[in-house]
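Here our numbering is used: the first residue of the sequence shown is 1, the next is one more, and so on.
Please note that the accuracy of each hint is not assured.
To be verified - Here are the in silico distance ranges between beta carbons for each label pair:
#1 Thr131 / Gly27: 35 to 41 Å
#2 Lys2 / Tyr192: 28 to 34 Å
#3 Asp40 / Tyr192: 26 to 32 Å
#4 Ala51 / Ser24: 39 to 45 Å
#5 Pro224 / Gly27: 19 to 25 Å
#6 Gly106 / Ala73: 42 to 48 Å
#7 Leu127 / Gly27: 32 to 38 Å
#8 Ser24 / Pro52: 44 to 50 Å
#9 Tyr15 / Thr140: 21 to 27 Å
#10 Gly27 / Pro52: 15 to 21 Å
#11 Leu181 / Lys103: 22 to 28 Å
#12 Leu181 / Ser23: 30 to 36 Å
Unchecked claim - Listed next, the in silico DSS-like pairs over lysine-lysine satisfying Cα-Cα at most 27 Å (straight line):
#13 Lys103 / Lys2
#14 Lys216 / Lys103
#15 Lys103 / Lys45
Since the hints were derived computationally from the structure, they do not count as laboratory data. Even for Gly, the Cβ is constructed at its ideal location relative to N, Cα and C.
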Amino acid sequence: MKLLVINRDCDVDRYDSFCQFNSSIAGIGRFSAIDGQTLDMQELKSAGLIAPDLCYTRGAVGSALSHILLWNAVVENDQPVSIFEDDAILSRNFPEESERIIKTLGDEWDIVLWGYNYDVNLVFDVLPGVTYCVANFNQTLMRLGVERYRSRPVSASPFKLFKALGICGYAISPRGARRLLDLCLPLQNAEYWYLRTNETLRNTSLDHVMCHHYEKIDAFCCFPSLCISRNENAKSTIIHS
Numbered sequence: 001m002k003l004l005v006i007n008r009d010c011d012v013d014r015y016d017s018f019c020q021f022n023s024s025i026a027g028i029g030r031f032s033a034i035d036g037q038t039l040d041m042q043e044l045k046s047a048g049l050i051a052p053d054l055c056y057t058r059g060a061v062g063s064a065l066s067h068i069l070l071w072n073a074v075v076e077n078d079q080p081v082s083i084f085e086d087d088a089i090l091s092r093n094f095p096e097e098s099e100r101i102i103k104t105l106g107d108e109w110d111i112v113l114w115g116y117n118y119d120v121n122l123v124f125d126v127l128p129g130v131t132y133c134v135a136n137f138n139q140t141l142m143r144l145g146v147e148r149y150r151s152r153p154v155s156a157s158p159f160k161l162f163k164a165l166g167i168c169g170y171a172i173s174p175r176g177a178r179r180l181l182d183l184c185l186p187l188q189n190a191e192y193w194y195l196r197t198n199e200t201l202r203n204t205s206l207d208h209v210m211c212h213h214y215e216k217i218d219a220f221c222c223f224p225s226l227c228i229s230r231n232e233n234a235k236s237t238i239i240h241s
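Produce the complete structure using the sequences and hints provided.
What follows is the structure, given as structure tokens:
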């Protein structure tokens, strides 16, 4: 499966850092991300890509459209792709373990999250027909343990996904890309309520609306995760662009 990292041309340091952290993983291509500062927002509204009252920063719009462009390419080329954001840190054995998981799922998958944010809970179907699991993480410890994470292999299993935020790394199939394009566009100003955790989330980035639709599609998460992100808001190009 092709591996691509999304990175803006102006974020040279972020790309260098990504390459350094993932130097053991060969063949990750770079996709030149859309810079939200260059977008004509009125044109996007007229094209029906975003709602007139969308509450995204320009950085969030640029990031969303970068992912969406790749989804369209997945549909056009009829080939799955693994997509990473430029703060993703992959496990040492990512190529082998991700390939094994995809083979386990066969053709019955739309999206597989290789990683997710550790500052919010993850909800997945741990025992289908019996109970789901709400997992909480310690993001501070994860950040301190990055080098240990990089140095060891991770053995993961795929679970049906109910709720997760963050899209630092995921695989998407042509069928999944079509479904998410239909479900996510146009990007709307909305609030989403999650039954299992009794939470309400305002849509301010693409992963929020994706999360809202995971239960409608064949979405899976890897547990434990095959990639992590420090998820540092102070350095976020979505929040601060």
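Now the hints, each set against the structure:
1. Separated by about 39 Å at the C-beta atoms, Thr131 and Gly27 satisfy the suggested range of 35 to 41 Å.
2. A C-beta distance of roughly 31 Å is found between Lys2 and Tyr192, which places it inside the suggested range of 28 to 34 Å.
3. Taking the beta carbon of each, Asp40 and Tyr192 are about 28 Å apart, inside 26 to 32 Å as hinted.
4. Take Ala51 and Ser24: their Cβ atoms lie about 42 Å apart, and the range 39 to 45 Å holds.
5. A C-beta distance of roughly 24 Å is found between Pro224 and Gly27, which places it inside the suggested range of 19 to 25 Å.
6. With their beta carbons about 23 Å apart, Gly106 and Ala73 fall outside the hinted range of 42 to 48 Å.
7. Distance hint check for Leu127 and Gly27: the Cβ-Cβ separation is about 36 Å, which falls inside the suggested range of 32 to 38 Å.
8. Hint check: Ser24 to Pro52, Cβ distance near 46 Å, so the stated range 44 to 50 Å holds.
9. Between Tyr15 and Thr140 the beta carbons are some 26 Å apart, a value that agrees with the proposed interval 21 to 27 Å.
10. Separation of Gly27 from Pro52 is about 41 Å and departs from the stated range, judged on CB atoms against 15 to 21 Å.
11. For Leu181 and Lys103, the Cβ-Cβ distance of about 26 Å falls inside the hinted range of 22 to 28 Å, so the restraint holds.
12. Against the hinted window of 30 to 36 Å, the Cβ-Cβ separation of Leu181 and Ser23 comes to about 33 Å, which satisfies the hint.
13. The straight-line distance between the Cα atoms of Lys103 and Lys2 is roughly 15 Å, inside the 27 Å bound, and the hint therefore holds.
14. Restraint check for Lys216 and Lys103: the C-alpha separation of about 22 Å stays at or below 27 Å, so the hint holds.
15. Our distance criterion of 27 Å between C-alpha atoms is broken by Lys103 and Lys45, whose separation comes to about 40 Å.
In summary, the numbered hints that this structure violates are 6, 10, 15.
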